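2 protein chains.
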Amino acid sequence: MRHAIRNGLIIKEEEASLPVTLRSMQYAYSVYEALKLKNGEFVHLKEHLFRLRESARGIGITLKYSDDEISSWLEALRGEDNLFNETFRILLVGKENILFITHDATRSYPDSYYMEGVDCTLYEGERFLPNYKTSNLLLSYLALDDAESKGAFEALFVNRYGYVTEGTRSNFYALRGNRLYTAPDKDVLLGVTRIGVTEAAKDMGVEIVYEPIYVKDIFDYDSLFISSTSMKAMPIRSINGKSVKRSMNTMVLRFSDYVGAWE
Amino acid sequence: MRHAIRNGLIIKEEEASLPVTLRSMQYAYSVYEALKLKNGEFVHLKEHLFRLRESARGIGITLKYSDDEISSWLEALRGEDNLFNETFRILLVGKENILFITHDATRSYPDSYYMEGVDCTLYEGERFLPNYKTSNLLLSYLALDDAESKGAFEALFVNRYGYVTEGTRSNFYALRGNRLYTAPDKDVLLGVTRIGVTEAAKDMGVEIVYEPIYVKDIFDYDSLFISSTSMKAMPIRSINGKSVKRSMNTMVLRFSDYVGAWE
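Chains A and B, in that order, are what the protein sequence lines are.
When you line the first sequence up against this note's numbering, it's residues 1 to 263, in that order.
When you line the second sequence up against this note's numbering, it's residues 1001 to 1263, in that order.
Pulled out of the complex, with its shape left as it was, chain A reads as follows:
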């Protein structure tokens, strides 16, 4: 039987639920994190807990549990369900600080996604409070639903200025010559893997340019890719059904290896 945590206590997973009469639930007034357990170790735990606290603060919630407390709850759940490789999800609901931890198998992707790249679609919209991981995810749901209905893997958001900010569950990058382009911090989720990608760029002597990547220019870059905790760095094959250049995909795979090792 699978378990979960509610405010520090181990419960059965099916007991991890929220009343529909709860105002914080009705208003999607909550934040979350997803993090990996890899070979028995929580990956970038400190960074994820920092971002959880920041997301909470960003919507006016003071997270009242310490990093040590939350870490011990993750560890307790890991032990209870005897886990070694898994993805954990932390959900923090409302000013009342209801905190759930649940877990599920870590997603992995076929090699072809890396060798050939994945298909993406464009979706007009801007995530509300993009720096924070809030539960206000209807736009992301609709965008990903639209992508999947077209057989694509990920949807990329295009903002009111016509530039691509990020994917529904990934950050977005373009390569040209010796430069890595990605959206300015204020417009996107500050992905933990995005930190890894920029570290990799520094190590590889690639210049990082925080600049809008406009839709109108998107087919001019040498390679495009997305990143997330589960994807690492994954090349893009097409945008809205049209093939993109892939002349720097070897470098994308070096980024992927780097962030994989950096875990």
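Don't take every hint at face value.
[Claimed, not checked] Covered stretches of chain A (chain B as the covering partner; in silico rule of three or more C-beta atoms under 8 Å from a C-beta of chain B): (1) 9 to 19; (2) 26 to 40; (3) 108 to 121.
No lab work stands behind these hints: they were computed from the structure.
Since the structure is predicted, the reported quantities are computational estimates derived from the model, not experimental observations.
Glycine included, C-beta positions come from ideal geometry on N, C-alpha and C.
On the provided structure of chain A, position chain B as indicated by the hints.
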């Protein structure tokens, strides 16, 4: 003990809950309605069920229950808890069509709110898919929280073009001379009480103008007011702490009486 409905079955209210592992719940992929039972009768039931179906359709959910079915569930819950005056909330979650009905006391407001008007604040932001009542309500929560922290009753949204669209749980209007101004339909919730207000205007020979009401002009109108199922038509006394003109508040109260009687 208070009860609720889940997919047609009467349950205890505390059993009306959603698992935190449910994707539709994690993405706030749901829509809702709030409607009044007044003297034993559901008020504008048909309009509310129409809008529920429209909201669902707007985010890609086909509501699979008929109006007759949902009406019979409302009636069953009314009977079970022996209710006469109450507010009911219908929540429809995901493509899986999990439907909850819960209930709570109908809100009422002191006479002074009508005689003197209420204080409002301005909040920059645009509700995502404003025509639909979705659970993607974080913006509304933050705006109302901000208003309440300043001692105000309601927050009004200001969009990117600098005009006031609607409140967090109300529609917004301005009066000048013989004209009633309210935002174009595409930018706001198509409130059931808003329909009543426009009916009242027609009956009273007031011209309805669907036009932006800009923040920069807001102190030039003769009176301002908001409307909702619970508020009816409620005059505004101040915006961001600055008094507004109230020279047509008698007409606002006529609107309020009209929509009250129209129930």
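Going down the list of hints, with the structure as the test:
Here the stretch 9 to 19 of chain A counts 6 residues with a CB under 8 Å from a CB of chain B, which clears the bar of 3, and the coverage holds. Residue count for the stretch 26 to 40 of chain A with a Cβ under 8 Å from a Cβ of chain B: 5. That meets the three needed, and the coverage hint holds. Coverage of a stretch by a chain is defined here by at least three residues with a beta carbon nearer than 8 Å to that chain's beta carbons; for the stretch 108 to 121 of chain A and chain B the count is 0, and the condition is violated.
Checked against the numbered hints above, the structure violates only hint 3.
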